[in-house]
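Position 358, counted from 1, in the sequence shown is what UniProt numbering calls 358; the numbers after and before it change by one each time, with no gaps.
Check the hints yourself; a few may be wrong.
As the list claims (entries may be wrong) - Computed list of lysine-lysine pairs in DSS-like fashion (alpha-carbon distance at most 27 Å, straight line):
| no. | residue 1 | residue 2 |
| --- | --- | --- |
| 1 | Lys-430 | Lys-409 |
| 2 | Lys-709 | Lys-606 |
| 3 | Lys-655 | Lys-709 |
| 4 | Lys-606 | Lys-712 |
| 5 | Lys-356 | Lys-383 |
| 6 | Lys-350 | Lys-71 |
| 7 | Lys-4 | Lys-307 |
| 8 | Lys-409 | Lys-437 |
| 9 | Lys-219 | Lys-114 |
| 10 | Lys-487 | Lys-113 |
| 11 | Lys-114 | Lys-356 |
| 12 | Lys-659 | Lys-219 |
| 13 | Lys-487 | Lys-383 |
| 14 | Lys-290 | Lys-4 |
| 15 | Lys-356 | Lys-64 |
| 16 | Lys-451 | Lys-487 |
| 17 | Lys-487 | Lys-430 |
| 18 | Lys-715 | Lys-667 |
| 19 | Lys-175 | Lys-4 |
| 20 | Lys-282 | Lys-245 |
| 21 | Lys-113 | Lys-356 |
| 22 | Lys-307 | Lys-282 |
| 23 | Lys-437 | Lys-451 |
| 24 | Lys-219 | Lys-655 |
| 25 | Lys-667 | Lys-709 |
| 26 | Lys-575 | Lys-606 |
| 27 | Lys-712 | Lys-655 |
| 28 | Lys-64 | Lys-409 |
| 29 | Lys-570 | Lys-667 |
| 30 | Lys-709 | Lys-570 |
| 31 | Lys-515 | Lys-383 |
| 32 | Lys-254 | Lys-290 |
| 33 | Lys-350 | Lys-307 |
| 34 | Lys-408 | Lys-33 |
Honestly, the hints are just simulated from the structure, not real lab data.
Keep in mind the model is a prediction, meaning the values are calculated, not measured.
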Amino acid sequence: MEQKQLIDLLEQMTLDEKVGQLLQLAAEFYSEKAEEKTGPMTDLGLTHEDINNAGTTLGISGAKEAIRVQKAYMENNRLGIPTILMADIIHGFRTIFPIPLGLGSSWDVEAAKKVAEVSAKEAAVSGLHVTFSPMVDLVRDPRWGRVMESTGEDPFLNSRFAEAFVKGYQGDNLKNDFFRVAACVKHFAAYGAAIGGRDYNTVNMSERQLRDSYLPGYKAALDAGAKLVMTSFNTVDGVPATGNKWLFRDVLRKEFGFDGVVISDWGAVIELIPHGVAEDKKQAAELAIKAGVDIEMMTTCYTENLKELIEENVVDEAILDEAVLRILTLKNDLGLFENPHRGADVALEKEVVLSKEHRDIARDIARKSIVLLKNENILPLSKQEKVAIIGPAADSHDVIGVWSWQGKKDEAISLAQGVDQLEAEYVIGKEAFDYFKPSQAAIDEAVALAKEADKVVLALGEEEWMSGEASSRSDIRLPQAQLDLFKAVQAVNDNIIVTLYNGRPLDLQGIDSAKAIVEAWFPGTEGGAALADILYGEYNPSARLSMSFPETVGQVPVYYNYDNTGRPYKPGNEKYVSKYLDVSNFAKYPFGYGLSYSEFTYTDFKLSSDELKSGETITASITVENQSDISGQETVQLYICDQIGEVVRPVKELKGFEKVDLQAHEKKTVQFTITEEFLRYVHSDQSYASDAGTFDLMIGSNSRDVQTKTFKLLK
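Model the full structure from these sequences, guided by the hints.
Printed below as a string of structure tokens:
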């Protein structure tokens, strides 16, 4: 349709029909079984007319059902307007990839783009049009369960992944490419900064910090063309995001130029009442529509009150018209007016979903996401060694993570199955081993197997429910039963390799004396095969942490790009500096950290000039050499520190990285081009600019282990 046709369609709609376009209902409302519809309809006070007019639908599953629902919906809609089918496709549809925190640890934006492409293809042929992804919330507190959905603690790295996800989901021609879906960037804004790492909690930060650290990821996703934005549950400067006019009208629309659809998170509009900024559903509707929220997900504040608010001249109907036109425009951008069933194809769904090709891609990307945290010359394993694989995750299929809506555990590969595929020798216990309360028989069997083995792979971690939404933890150590198991095994065999399935950085106290630690995250459908590839050297680890691991939860939040203080800590015995009495200031495993089976060295660090003028560039170069007999991939990282700023600046900030493939004993020179734009930041007056002065430029293998040179910016 042309824009004029959309406006004509809008003008034909009654006030009730326009309000209906702003309502999103879950799939159960469109069930063929009347009894499944009646219950929730009664609970929300909806009529059949409300359901028939609801503009978008949440959580339809499968091409056949998507086609049925769309057909029935259009038959019941007076103007034949199609619905949009949306869902949470976070890190895969049926073929599940590593959780986003794991994908972030790949430092491979092309891999993230491929994840989005495959996810979109499977979702689209299954009838879906929109995914609620990517989540680009900056995260610094691993107690928060939803760190698993983010790509980490750094604005630059998050921004690169945000772009990649959006481009992968949407492609270059969303309207005509039916293997793509529209992307919804979330959660706007600063959801990842919840106080205490407690989900849904208050966020409290300055506007300058919001702009400098938290908004860049969202902006990158929008610049890449994301079609939707989802509101966050938290407050922004004391005002809940879903009712925050400044955030959505001024920042998102006017400053960022976003003209797409804004959708609330589940129930977020009605939650303005317990937040204490709305007296009732009517006031909640007023605040949300005036803030610019176009779609209300799964509550009925708009449905019950918006018409009355307009008739009372409290809300201008023009605001409603703007929202409806944005929704109609999205439907048009998806090509739904011409092709209401879009990519839904029952036959193709069987061919595409969970295909061998997609499983192979999932295995490759999972390998790229697994981080080798520690290795005291015990890995890789030999297929001829006598290895005992024990612990709760030894043969567990709980590897896909909690946000894998269509993923099936019984289709996932366990670690034991992955080792079987490699035809390696190993022993494994027959007794079921619980994550929290293993039987004494299971413990005794594990110890007996360990005693007879050359090496032990102790497979530990979280169960999926322990991370994700509403899964905040104050204690981020492994369950005590697993720590006890580690002690018992170590008493009879010190050659322990710990593997971890989990959704957050952990406090590794209790298992940190293992000779090797492998962080596998929740690696997805092919996760066990990918982990086996890492353990047996079929793949040389290349992943680097996108979020720091603390020494202890008492340090949290601990992150690499912390601000300078007036009494900075330096090693020594001085007391009156910013430090703890009982633990280091620093992460155990910092941002950007990860080991390889290769050994890389950095030499010949040079700057082309020690002065940079606006409009010009300088080049930083360094030679990286693989001094081992094993080919590998190194991620060379560039950091910059502004020594003197108008406001206090971080001790370092990631400004670039390059992944380098090096054969055994090969060396390559890596170059970075530095411009004045690298040096800009948000000042106290909210302006975005650089300051003349001295800067530290650092290059290294992670945020801690760097070499430093200085240069000056001249203006």
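Hints, one by one, checked against the model:
no. : hint              : in the structure
1   : Lys-430 - Lys-409 : holds (20 Å)
2   : Lys-709 - Lys-606 : holds (8 Å)
3   : Lys-655 - Lys-709 : holds (15 Å)
4   : Lys-606 - Lys-712 : holds (15 Å)
5   : Lys-356 - Lys-383 : holds (26 Å)
6   : Lys-350 - Lys-71  : holds (21 Å)
7   : Lys-4 - Lys-307   : holds (25 Å)
8   : Lys-409 - Lys-437 : holds (22 Å)
9   : Lys-219 - Lys-114 : holds (21 Å)
10  : Lys-487 - Lys-113 : violated (42 Å)
11  : Lys-114 - Lys-356 : holds (15 Å)
12  : Lys-659 - Lys-219 : holds (25 Å)
13  : Lys-487 - Lys-383 : holds (26 Å)
14  : Lys-290 - Lys-4   : holds (25 Å)
15  : Lys-356 - Lys-64  : holds (23 Å)
16  : Lys-451 - Lys-487 : holds (13 Å)
17  : Lys-487 - Lys-430 : holds (21 Å)
18  : Lys-715 - Lys-667 : violated (37 Å)
19  : Lys-175 - Lys-4   : holds (18 Å)
20  : Lys-282 - Lys-245 : holds (17 Å)
21  : Lys-113 - Lys-356 : holds (19 Å)
22  : Lys-307 - Lys-282 : holds (10 Å)
23  : Lys-437 - Lys-451 : holds (22 Å)
24  : Lys-219 - Lys-655 : holds (17 Å)
25  : Lys-667 - Lys-709 : holds (21 Å)
26  : Lys-575 - Lys-606 : violated (37 Å)
27  : Lys-712 - Lys-655 : holds (17 Å)
28  : Lys-64 - Lys-409  : holds (23 Å)
29  : Lys-570 - Lys-667 : violated (34 Å)
30  : Lys-709 - Lys-570 : holds (20 Å)
31  : Lys-515 - Lys-383 : holds (19 Å)
32  : Lys-254 - Lys-290 : holds (15 Å)
33  : Lys-350 - Lys-307 : violated (44 Å)
34  : Lys-408 - Lys-33  : holds (25 Å)
This entry does not satisfy hints 10, 18, 26, 29 and 33, going by the numbered hints stated previously.
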